[in-house]
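Visitor: The lines below spell out each chain.
Number of protein chains: 2
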Amino acid sequence: MKNLQHYDFSKRFDDVPLVGSAFSGEHPGMIPLAFGFPYPKSFPIDALVESATGALKSEGTQALQYSGGPGQQRILEWIRQRSQLRAIQVNTDQIMITSGSNQGIDLVARTLTDPGDSVWVEAPVYFGALRAFYLAENQLSAFPVDGDGLRVDLVESALIEAAAGKRPMPKFIYVLPNYHNPAGIRLSVERRRKLAQLAYAYNVYIVEDDAYVELNFTGEFWPSIYSFGPERVIYLSTFSKIVAPGIRMAWVICQNPDVLSKMKIIKTEGLTSVLMQEIVSDYLEKNDFENHLEPLITGYRMRRDVMVEAIHEFFGDEVSFEKPEGGFFLWLTFPTKTDTTRLLHESVKVGVSFVDGKAFYLHGKPTNDLRLAFSFCDEITIREGIQKLAAVYKKQKYFIR
Amino acid sequence: MKNLQHYDFSKRFDDVPLVGSAFSGEHPGMIPLAFGFPYPKSFPIDALVESATGALKSEGTQALQYSGGPGQQRILEWIRQRSQLRAIQVNTDQIMITSGSNQGIDLVARTLTDPGDSVWVEAPVYFGALRAFYLAENQLSAFPVDGDGLRVDLVESALIEAAAGKRPMPKFIYVLPNYHNPAGIRLSVERRRKLAQLAYAYNVYIVEDDAYVELNFTGEFWPSIYSFGPERVIYLSTFSKIVAPGIRMAWVICQNPDVLSKMKIIKTEGLTSVLMQEIVSDYLEKNDFENHLEPLITGYRMRRDVMVEAIHEFFGDEVSFEKPEGGFFLWLTFPTKTDTTRLLHESVKVGVSFVDGKAFYLHGKPTNDLRLAFSFCDEITIREGIQKLAAVYKKQKYFIR
Chain A
1 MKNLQHYDFS KRFDDVPLVG SAFSGEHPGM IPLAFGFPYP KSFPIDALVE SATGALKSEG
61 TQALQYSGGP GQQRILEWIR QRSQLRAIQV NTDQIMITSG SNQGIDLVAR TLTDPGDSVW
121 VEAPVYFGAL RAFYLAENQL SAFPVDGDGL RVDLVESALI EAAAGKRPMP KFIYVLPNYH
181 NPAGIRLSVE RRRKLAQLAY AYNVYIVEDD AYVELNFTGE FWPSIYSFGP ERVIYLSTFS
241 KIVAPGIRMA WVICQNPDVL SKMKIIKTEG LTSVLMQEIV SDYLEKNDFE NHLEPLITGY
301 RMRRDVMVEA IHEFFGDEVS FEKPEGGFFL WLTFPTKTDT TRLLHESVKV GVSFVDGKAF
361 YLHGKPTNDL RLAFSFCDEI TIREGIQKLA AVYKKQKYFI R
Chain B
1 MKNLQHYDFS KRFDDVPLVG SAFSGEHPGM IPLAFGFPYP KSFPIDALVE SATGALKSEG
61 TQALQYSGGP GQQRILEWIR QRSQLRAIQV NTDQIMITSG SNQGIDLVAR TLTDPGDSVW
121 VEAPVYFGAL RAFYLAENQL SAFPVDGDGL RVDLVESALI EAAAGKRPMP KFIYVLPNYH
181 NPAGIRLSVE RRRKLAQLAY AYNVYIVEDD AYVELNFTGE FWPSIYSFGP ERVIYLSTFS
241 KIVAPGIRMA WVICQNPDVL SKMKIIKTEG LTSVLMQEIV SDYLEKNDFE NHLEPLITGY
301 RMRRDVMVEA IHEFFGDEVS FEKPEGGFFL WLTFPTKTDT TRLLHESVKV GVSFVDGKAF
361 YLHGKPTNDL RLAFSFCDEI TIREGIQKLA AVYKKQKYFI R
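Chains as they are written, first to last, in full-length UniProt numbering: chain A, 1 to 401; chain B, 1 to 401.
Isolated chain A, as found in the complex:
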């Protein structure tokens, strides 16, 4: 080993946490209510075996090359048609495939902003998006959510202030309208419309992260924010929750060709694995998507029901929450002074993990809320996890010191 001089690496990206603090405590036997993971049996393994074989045999020569095969266009066409159900009218050349939605968020942030530009988010907000905005060196402000989602009235007041020069105008507002991660709620249709109007009026973009839209427990779809403002909304969704995360495939919809071409430039790996695109294309072509989705939704709804019942049973009136009508997450609020970071510390010891609230806020301080994922564990395990968590909580209430 040579005696090395000090070397200055990039001064950026120093203190960006990799993931929520809860993930570090995982071990065998842990009940992972932290994981926003699909449940393992939801994966269409046999169909993917068929499609991998089919894609390699029929399109292998192209699919293994840099430029790929016909599957890319077929996936775009599938997304185009599927998007119509979300009231999104789009051409395939306005869709870009990304290696997961987090990459899409990163590309959007770096395309819309320069370091120091302002971005507004919800409070609480998905920590993966926060990471992307920290990496883009954005200045962040957060606006609270209630049972109807983002408080768009407060956003409007802030935009009025920004227009008056009293605070920086944001380049975009990041919103997760359906089955919010972590808050579990939906943004009301009226607020969606209003938010789109504000985007035009104040010349900002809305970045609409719609990762969970397909996992709808009520069957009643609400139109996307994009449908109210296609020129000022960039829309993201993903195959991670409806096929599998391991395929690493998501998409961005954007009307502005300059934004898309800039995003392609900074997506330095080039195309998202074209072999995987060929496999997914084959899968979508040969399988009835609705038939695939229906048991998936049933599975998640049952897990949600079990979690809700267990919370009522074991916590009683000690906690409050909005019942999620879709998605993966339930956001649990404790009495004001509870410190869920300390609660996590103890909970992990008895074998239950969750993500403590502070991972979802800009301030990074302990909070009295936490995220539970009902997506990954089976029903019996979910009930057991809530029971254990409640026992830990009731044994000693972890107040903020």
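These aren't lab readings, by the way, just hints derived from the structure by calculation. This structure is a prediction, so every number in the text was calculated from the model and none was measured. Treat the hints with care, since some could be wrong.
Partial selection, computed: residues in chain A whose CB lies under 8 Å from chain B [stated by the list, open to error]:
| hint | residue |
| --- | --- |
| 1 | Lys-11 |
| 2 | Thr-53 |
| 3 | Lys-57 |
| 4 | Leu-64 |
| 5 | Ser-99 |
| 6 | Gln-103 |
| 7 | Arg-110 |
| 8 | Leu-112 |
| 9 | Glu-231 |
| 10 | Pro-245 |
| 11 | Gly-246 |
| 12 | Arg-248 |
| 13 | Ile-266 |
Just so you have them, the derived chain A footprint on chain B, three or more residues with Cβ under 8 Å [as the list claims (entries may be wrong)]:
| hint | stretch |
| --- | --- |
| 14 | 91-104 |
| 15 | 112-122 |
| 16 | 248-261 |
Restraint ranges, calculated between C-beta atoms of paired labels, are given here [claimed, not checked]:
| hint | chain 1 | residue 1 | chain 2 | residue 2 | range |
| --- | --- | --- | --- | --- | --- |
| 17 | B | Val-189 | A | Pro-40 | 45 to 55 Å |
| 18 | A | Ala-163 | B | Asp-93 | 45 to 55 Å |
| 19 | B | Phe-289 | A | His-6 | 38 to 48 Å |
| 20 | A | Pro-40 | B | Leu-154 | 53 to 63 Å |
| 21 | A | Gln-81 | B | Glu-379 | 42 to 52 Å |
| 22 | A | Lys-57 | B | Ala-163 | 51 to 61 Å |
| 23 | B | Lys-264 | A | Lys-264 | 41 to 51 Å |
The C-beta atom is built at its ideal place from N, Cα and C for all residues, glycine as well.
Dock chain B against the given chain A, drawing on the hints supplied.
Guide: Structure of chain B alone, referenced to chain A:
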């Protein structure tokens, strides 16, 4: 369509070209000597079908999840062992999988540098790396290559100047030591050793891009630059040339854990497709890699031979080149005043594409050299391509105006 106000997108990344200019002219019937693509029959399609099936059936539940399965560690172990043949001693935790080498170059550049920092490259230099450095907003200087690779003596003189404050010290020097893209040459062992010494002496990093190392036509391997300076060399290689580009899998080797963890932070898609990693792991485990590689090398050597012979036959003494002893590319130099950009314009009309020299230089002006890929086309097509190209050239010599 609403009447939109002007919106300022990121001021960065405006004028970064997507790819070499030659790619735009492709059409059916074109002889693509531009493409640095493996030849289609080199892909192990049947074995990959087996491995896709095997991986999904045995590890599907994990491989389709965010975090993936055991294949990730197996691939790292394969790379570790294989690297020993390149005189690289490394632990698996010093290896990071990336979605292609271009992504690795981008991550390294953004980790080692801040905007405005200096980076030194070869002239000519791989345009994909140039793009990454432009995106990282690096200040670039280029140093010529000769038949023994980068002129390390000129690099040393420049480092002496930089140490004296007469020019900025580079954060790293990007070098492609084996079967250079585009120049086709190898960096001599003596220069490798010297470059590593300079890296320590002047406290800069060497970024060693070894994409083509396995495609060695002589059987004689030279030790990597990394082997002479493991603490100050970051080493990149890839499965793109030895399995297939469409799997999008490459790796970075780096001794410094801080560099690796920073790279993981800015790799916003998370892990490179864990399903694909499982498939590749299964492939590497069940197939004899040397048996796979041997016909591949034979195939590329035959193509190289045909191209070299055709150049002698159809160009005679009009052009000069170093015979590549491996890799994909042959770098052809024309008489001084020839403008290969104009030659390309005419050549495409008769159905032959290549990449004109200017794509590989910082100055971006027409040059008298060009890159031919012998990797993609079969032997008959290569001969036909060179014949047509020579005919175009001889009909009218395209001098710089």
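Visitor: All hints, please: hold or fail.
Guide: Checked hints:
For Lys-11(A), the interface hint holds, since its Cβ comes within 8 Å of a Cβ in chain B; the closest pair sits about 6 Å apart. Interface restraint check for Thr-53(A): the shortest CB-CB distance to chain B comes to about 5 Å, inside 8 Å, so the restraint holds. Given hint, Lys-57(A) at the interface with chain B, holds; its Cβ is 6 Å from that chain's nearest Cβ, closer than 8 Å. Taken as an interface hint, Leu-64(A) checks out: its beta carbon lies about 4 Å from the nearest beta carbon of chain B, inside 8 Å.
The interface hint given for Ser-99(A) holds, since its Cβ lies 4 Å from the closest Cβ of chain B, which is under the 8 Å cut-off. A hinted interface residue such as Gln-103(A) counts as satisfied when its beta carbon comes closer than 8 Å to some beta carbon of chain B; here the least separation is about 4 Å, so the hint holds. Because the smallest distance between the Cβ of Arg-110(A) and any Cβ of chain B comes to about 6 Å, under 8 Å, the interface hint for this residue holds. For Leu-112(A), the interface hint holds, the least distance from its beta-carbon to any beta-carbon of chain B being 6 Å, beneath 8 Å.
For Glu-231(A), the shortest C-beta to C-beta distance to chain B is roughly 6 Å, which falls under 8 Å, so the interface hint holds. Interface restraint check: Pro-245(A) against chain B, minimum CB-CB distance 4 Å, threshold 8 Å, status holds. Interface restraint check: Gly-246(A) against chain B, minimum CB-CB distance 4 Å, threshold 8 Å, status holds. The beta carbon of Arg-248(A) comes within 4 Å of a beta carbon in chain B, closer than 8 Å, and the hint placing it at the interface holds.
With a cut of 8 Å, the hint placing Ile-266(A) at the interface with chain B holds, because the nearest CB-to-CB distance is about 6 Å. Counting residues of the stretch 91-104 of chain B whose C-beta sits closer than 8 Å to any C-beta of chain A gives 5, which meets the bar of three, so the coverage hint holds. Under the rule that three or more residues need a Cβ within less than 8 Å of chain A, the assignment of the stretch 112-122 of chain B holds, with 3 such residues. Here's how the stretch 248-261 of chain B fares: 4 of its residues keep a CB closer than 8 Å to some CB of chain A, so the rule of at least three is met and the hint holds.
In this structure the hint that Val-189(B) and Pro-40(A) lie 45 to 55 Å apart at CB holds, the actual value being about 51 Å. About 51 Å separates the C-beta atoms of Ala-163(A) and Asp-93(B), a value consistent with the hinted range of 45 to 55 Å. Between Phe-289(B) and His-6(A), the C-beta spacing of about 40 Å keeps the proposed range 38 to 48 Å intact. Taken as a hint, the range 53 to 63 Å holds for the pair Pro-40(A) and Leu-154(B), whose Cβ atoms sit roughly 58 Å apart.
As the Cβ distance of Gln-81(A) to Glu-379(B) is approximately 44 Å, the hint placing it in 42 to 52 Å holds. Between Lys-57(A) and Ala-163(B) the beta carbons are some 59 Å apart, a value that agrees with the proposed interval 51 to 61 Å. Taken as a hint, the range 41 to 51 Å is violated for the pair Lys-264(B) and Lys-264(A), whose Cβ atoms sit roughly 23 Å apart.
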